[in-house]
Amino acid sequence: MGKLVSKIPEGPLAQKWTRYKASVKLVNPANKKKIEIIVVGTGLSGAGAASALGELGYSVKNFCYQDSPRRAHSVAAQGGINAAKNYQNDGDSTFRLFYDMIKGGDYRAREANVYRAAEVSNQVIDHFTALGVPFARDYGGTLDTRSFGGVQVSRTFYAKGQTGQQCLLGCYSSLNRQIKKGNVKMYPRREMLDLIVIDGKARGIITRNLITGEMERHGAHAVVLATGGYGTIYYLSTLAVNSNASAAWKAHKKGAFFANPSFVQIHPTCVPQLNEFQSKLTLMSESLRNDGRVWVPKTKKDKRPANEIPEEERDYFLERRYPAFGNLVPRDVASRAAKERCDAGYGVGETGLSVNLDFRDAINKQGKKAIENKYGNLFEMYKTITGSDPYEEPMRIYPAGHYTMGGLWVDYELMTTIPGLYAVGEANFSDHGANRLGASSLMQAAGDGYFVLPNTISNYLADEIRVPRITTDTPEFEAAEKAAVEKLTRLLSVKGKQTAASFHKRLGKIMWDYAGMTRNEAGLMKALELIRELRTEFWKDLNIPGTIGELNMELEKAGRVSDYFELAELLITDALNRKESCGAHFREEYQTPDGEALRNDEEFAYVAAWEYAGEGKPHILHKEDLRFEEVEMKVRSYK
Amino acid sequence: MKLTLKIWRQKNAKAKGIFATYKMEDVSHEMSFLEMLDALNKNLVGEDKDPVAFDHDCREGICGSCGMYINGHPHGPVPAVTTCHLSMRYFSDGDTIWIEPWRAKPFPVIKDLIVDRSAFDKIQIAGGFISVNAGAAPEANSILAEKKKSDKAFDSSICIGCGACVAACKNASAMLFVSAKISQFALLPQGRIEAKERVRAMVEKMDELGFGNCSNTGACEAECPKQIKLTNISRLNREYYKAY
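Chains V and B, in that order, are what the protein sequence lines are. Our numbering applies: residue 1 is where the first sequence begins, and numbers increase by one. Our numbering applies: residue 1 is where the second sequence begins, and numbers increase by one.
Just chain B, same shape as in the assembly (with noise of 0.2 Å):
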């Protein structure tokens, strides 16, 4: 299929980007969406033009690498797939397809499609794990958890850090990305111990870091590529006046 391709150019951080328009004939629709970009970078290197910067790694929907707005949705029309998953089955002959970066605040523009996500460490940092060292954990059978709770951990853990709920909030909040971790622990026996310290630091360093408020909009749960509910975020909440 013929395809035309409206992608966001900027040279870097401080550069004024734009929409650079590109054709390209012979899509196949078995592509992936990257394996299609991967197709006009090869085409822009041959002309001796500077390919469209993304980021990308596992290329199994997984590592949170990728990420790129796609006709207005995060990750692309399509549900529940990052964009290393997108086939170009959705597509068709003659389409135009605008691709942008992340936009918000707390993910400035690095180059083309790249963004700067290193907020989303900051906020791991602050508090999302278990202070224990290596050698001091009692033996795993020791620690009973309620299977159902657990499983509840498991659908909350498995953010893959991607940043599209930030980019389809519009006030950019983390609150999705927040709760996941928040309600992951908060689930756990091993978890509750210093849960309140967790909750309390990493919802400052949220608010420190620019990222807007929760207006129940539900954006982030409709675009969040591994489903995660918006319940973790009443979950979050609840955990937070707890702490004070």
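Bound-form chain V, shown alone (with noise of 0.2 Å):
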């Protein structure tokens, strides 16, 4: 158990940062210049540590999978990013916020790591304000805000229902800017194959030219992922199509732990699944609920049109349930809410499996402009997918698979268990426990790439300004060239008659099925068995036209669902050992006579990071215990 330092500075909760920040080993500017670092993603972590990092003068190498870094999925982000800004003047503070989020991961988020990020949020709306981000204003010119779902203060800035969209072309435009200046060079349409380290320590980086099909070694003295989550395993999902997890799966299998990986965030307000051909869920913001309320029909199967159902034959059941939050519990609460009356039989919408968010109310009483104001784009979206306006009859939503909190465990620097390997936002497990509250990731996604990183990864380069540039003809980046090429011919070879996307499909259904917002032990051993065969299938009877040399979309999916067979196996096995309800992680062996998740400090308040032990070998389990000292666990209640 001894390989988990996590580098909490000692000190008070509140002085942690500002003390570790004082004390920290720095590089003297004229070594920065002869220090490589490589970032892989462009979202708001990735381009933020990679403008930032520029910034103070490291010779930065940015890779994305995308065409262009403007596209990372950031973008998608709706509804709004927290700060602790207290404009208010509704009793925020930065302990509150960090309470929040404590609170909110249902105790399983290391306490330091969230109060930093929590202590980060207002530098991070002061940056983007200054980059040009168009948050909405008040009339006076000041910056507006919005409450968002788990919390009672009004603390979340916003750009319409676009906000993840400006603060990624925020970072984008930063990030342009020191490719201007030379600080930064961009390489997109690269994959990420393999991670390279040499004599314990990340070096380096295999990637494939997506346009050309060529191996290239891009060698570093360190190496950041800013790769995001892992939520297509579910195939439907509100991720973009081309999110994955194999960036950091392949580094995970270089010694790299990954950290409570079953913890995955079902978003509740999602268009539901209208049909089979369906490539993703499109995500209705959060915010929605603030002036939406959540209900579905007192009777079974009412098919009656949700405008002919009188007020008291609706159920309103987020708010009977809450009463205290109403329709603003989390997520998790508020997904599971919804499943239970659906599968109780209340659901609305052709299959049943969807239920109201209704703007009846909040119309009549604001005013239509006002609604259009806030929701204008969501509505308008809604309709385009749809055909159903918004306006004059409810939304129908339902959950999908929408955020990892799980990833690669890092220590408080945001290193992995591989020295020079870093990961930071969605790729890295750290801030949100077991359940992320709204609006929280643009936050820590922009901290850790802004303001985190930035100044961490200094205490480790200081030690390495006499290491030379990292040459790439060694044996470490042969072997790893040659063992991706070998992969990936091993997949054009099969030569079956399936597509990969067929396979990924199919295993996004078992996990959606036996370990998503709810799971049991019969369950999750039955998918690990269903797994284990479709995988033997995928190696038997997959197909992939065109070869390695060329564009070729079809082994780029492949790569990455086979990748996605390791990592689905890997959640699994810690649904499976995590024997309690925590957060998202909802196991029906243990809840409260109502329902309600029931957590089990006294044996699971630990991270588990899991390391890789070799092909077909168990994952072996080392915990980090969760030491609360500024904070008292307590049953998250939202009644």
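If you're looking for bench data, these hints aren't it; they were derived computationally from the structure. Among the hints, erroneous ones may be present.
Using 25 Å as the maximum straight-line C-alpha spacing, the simulated PhoX-like pairs for lysine-lysine come out as follows [to be verified]:
(1) B:Lys105 - B:Lys149
(2) B:Lys42 - V:Lys509
(3) V:Lys540 - V:Lys579
(4) B:Lys170 - B:Lys14
(5) V:Lys526 - V:Lys579
(6) B:Lys11 - V:Lys495
(7) V:Lys180 - B:Lys122
(8) V:Lys181 - B:Lys122
(9) B:Lys149 - V:Lys368
(10) B:Lys205 - B:Lys122
(11) V:Lys487 - B:Lys42
(12) B:Lys205 - V:Lys181
(13) B:Lys11 - B:Lys105
(14) V:Lys180 - B:Lys105
(15) V:Lys34 - V:Lys201
(16) B:Lys42 - V:Lys540
Over 12 Å on every C-beta distance to chain V, these chain B residues come out as not near it, computed from the model [stated by the list, open to error]:
(17) Leu5
(18) Gly17
(19) Ile18
(20) Asp93
(21) Asp95
(22) Ala172
(23) Leu209
(24) Gly210
(25) Leu230
(26) Arg235
(27) Asn237
(28) Ala243
(29) Tyr244
On a predicted model such as this, the values are computed, not experimentally measured, just so you know. All residues carry an ideal CB built from backbone N, CA and C; glycine is no exception.
Make one complex out of these two single chains by using the hints.
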């Protein structure tokens, strides 16, 4: 168990970060230029890190699989970004933001990291504003905020329903400035296929040029993974369809522990699946729950149009079950409550797998114009997809896979268990515990990239200044490139009948049915069996036309799906190990009589960090005990 | 419904392209346009044929990856939607659909429907930013901005960089794209400080990369999936004159 050293600084919680920064080792400006850093990913954390490291004078190489860094999936975040500014004079503070996150995460996150995320949130808002992100404003010219699920203050900064896009374009602009200055070199349309570890330290990556198919070697003094989450393991999710976990998984297989993989957030407000060909589920921002009321009919299988169901025959089940928070309960709670009603036969729509999100009362009270100002683009998007007008009749929503709290294990400095390999943003596990609160992913990703990593990475690099430029003609690069080519060749040589996507779809269905919103031991065991069968079939009946040396999207997909088969097993192993319900991880065996999650702090107040032990061998569990010094672990109640 | 697809197939940048014909049976009205192409590709892969290459990612109209000419319109015949959000509801049984890549000199074809839009990144690199380092920003509310102008800045900033404006323009002009970024920053106090340098650098780069001039036909505005307005181009011109 001695392998997990979290490096939490001494001292009171509120002073840890300040003290850390005051004592951290620095790299002299003249030496920075000679130090190369690879950043994989260009979302808020990746582009943020690449920009900030470039600004400091390091030589940065930034990679993304898309044709442009501006397309990273942070772009799709909708509702907002939190900060503890207390502009509303409603009692907010760094401590309260920290407390809401710790509680919202069901006491499964590391106190010191969460406090720091809350602390740097204000700097993030200052920086984005200075970069020209057009956040919503009040008539006096100051920034506006709104409230968001799971909290009782108004701390969410927003740009209509496109906050992610605006923040991402802000990051993209700062990245462009560094590209122009020559501090960052951008490599788009590249997929990371392996991590290079030399003498125990991360020293580079192998990539494939997705246009030419050429393999490339890139060396560096340190590597930062900003590659997002693994929500597409469910096939249908709110993520971009090409989002994948392959970079993180390759790093895991090279020695980076993977933490809490079973902690996956299922978002309550998504457009339900409409047909069997569907390739993704579209998120409808959580901010809609500020004004929309969630309900189902009080009668089972009531097929009347929503508007014809009178008030007294409607069950506003969130308001009924959780009077204190009502429609604003956190995502995990709202998702399970919707599933409970649908499973009990009260769901609406053709499939019975959706609930109403109704704006009638809000429109009557505030007027259509006010609602349009807040949610106009979301209402339009909903209408485009479904053909139904939310101004006239309730939206229909259902939960979908959305965000993965689990990820690569990192210490306080955001370093993984491989020295010199860092993970930032959704790719790491650190700040959201077992459930993430709304509007905190943009906050954490930008905080990690712009303000945390640039401060912590120098502590490592200060000892690397004598290391010359990493050359790529070494046996380690040679072997990794050879292995990557072999894997792709193996995929190409299966020559069966089925597409990678069709396997992905079936894997996703297994994961959704047995390892989705609720889990139980029998189901998880069943899923393991089904996944192994499907994986065997994959390696026998996959078909990929074309070759390795050209643009080959089927090959890209197949590589990602093959990694998902392995990650899926680990996710389930973790879910089996955690014999408690906490946050988004709901084990049916562990619940209170009224159906709420039943945590077991005695046995499970730890981070489960899994070590890869080799092909076909069971993963090794390492536990990082979570100690709460400032907060008391309480039953998480929103009633 | 049954459809006939005429799709531009081009092996690589140097190869000569042709329209290939594909028959689709059982297309559902509930599919999105890209899901219909997914179904075609599934069939092609099943026959061990090369699937049609196209860019796509978020499939919710915000990343700007997807984009193709559909029956003579960028992103298809429905206004204000991206290709990924275009529903097959808008097509009928027996239709023939013509599908082509963006056609513009600064966007060379990479393969089939994929084009190289890196010219857009180059324009942004030239000046599409406000020069401020992480840590240097003042307290957010110390920068006050008029709400009306800030809302207008937002309306300009929602460009997704898909390239439909260039593809729609007979001159392959990037004026709408460039003017959106210029406007966003010109309308905000924090963007005014280096407004002159920005507009000079971005326009110079745009010209250098071979984009054409604007002749006010308005095709870009008509086809923009995010409905970016032509008034941005007027503002760009005004900013440009002020910069010299």
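The hints, checked one at a time:
1. B:Lys105 - B:Lys149: Given pair Lys105 of chain B, Lys149 of chain B is violated - Cα atoms ~35 Å apart, limit 25 Å.
2. B:Lys42 - V:Lys509: holds (19 Å)
3. V:Lys540 - V:Lys579: violated (35 Å)
4. B:Lys170 - B:Lys14: holds (23 Å)
5. V:Lys526 - V:Lys579: holds (17 Å)
6. B:Lys11 - V:Lys495: holds (22 Å)
7. V:Lys180 - B:Lys122: holds (9 Å)
8. V:Lys181 - B:Lys122: Cα-Cα ~13 Å, so holds.
9. B:Lys149 - V:Lys368: holds (23 Å)
10. B:Lys205 - B:Lys122: holds (7 Å)
11. V:Lys487 - B:Lys42: Measuring from Cα to Cα gives roughly 23 Å; hence the hint holds.
12. B:Lys205 - V:Lys181: holds (16 Å)
13. B:Lys11 - B:Lys105: At roughly 18 Å apart (the allowed maximum being 25 Å), Lys105 of chain B and Lys11 of chain B satisfy the hint.
14. V:Lys180 - B:Lys105: Holds, at about 24 Å.
15. V:Lys34 - V:Lys201: holds (18 Å)
16. B:Lys42 - V:Lys540: holds (18 Å)
17. Leu5: holds (16 Å)
18. Gly17: holds (15 Å)
19. Ile18: Nearest chain V Cβ is 18 Å from Ile18 of chain B, so the label holds.
20. Asp93: holds (17 Å)
21. Asp95: For Asp95 of chain B, whose nearest Cβ neighbour in chain V is about 18 Å away, the distance exceeds 12 Å, so it holds.
22. Ala172: Non-interface label on Ala172 of chain B holds, nearest chain V Cβ at 18 Å vs cutoff 12 Å.
23. Leu209: holds (15 Å)
24. Gly210: holds (18 Å)
25. Leu230: At about 20 Å from chain V, Leu230 of chain B clears the 12 Å cut-off, so the statement holds.
26. Arg235: Arg235 of chain B clear of chain V: closest Cβ-Cβ about 15 Å, beyond 12 Å.
27. Asn237: holds (21 Å)
28. Ala243: holds (18 Å)
29. Tyr244: holds (21 Å)
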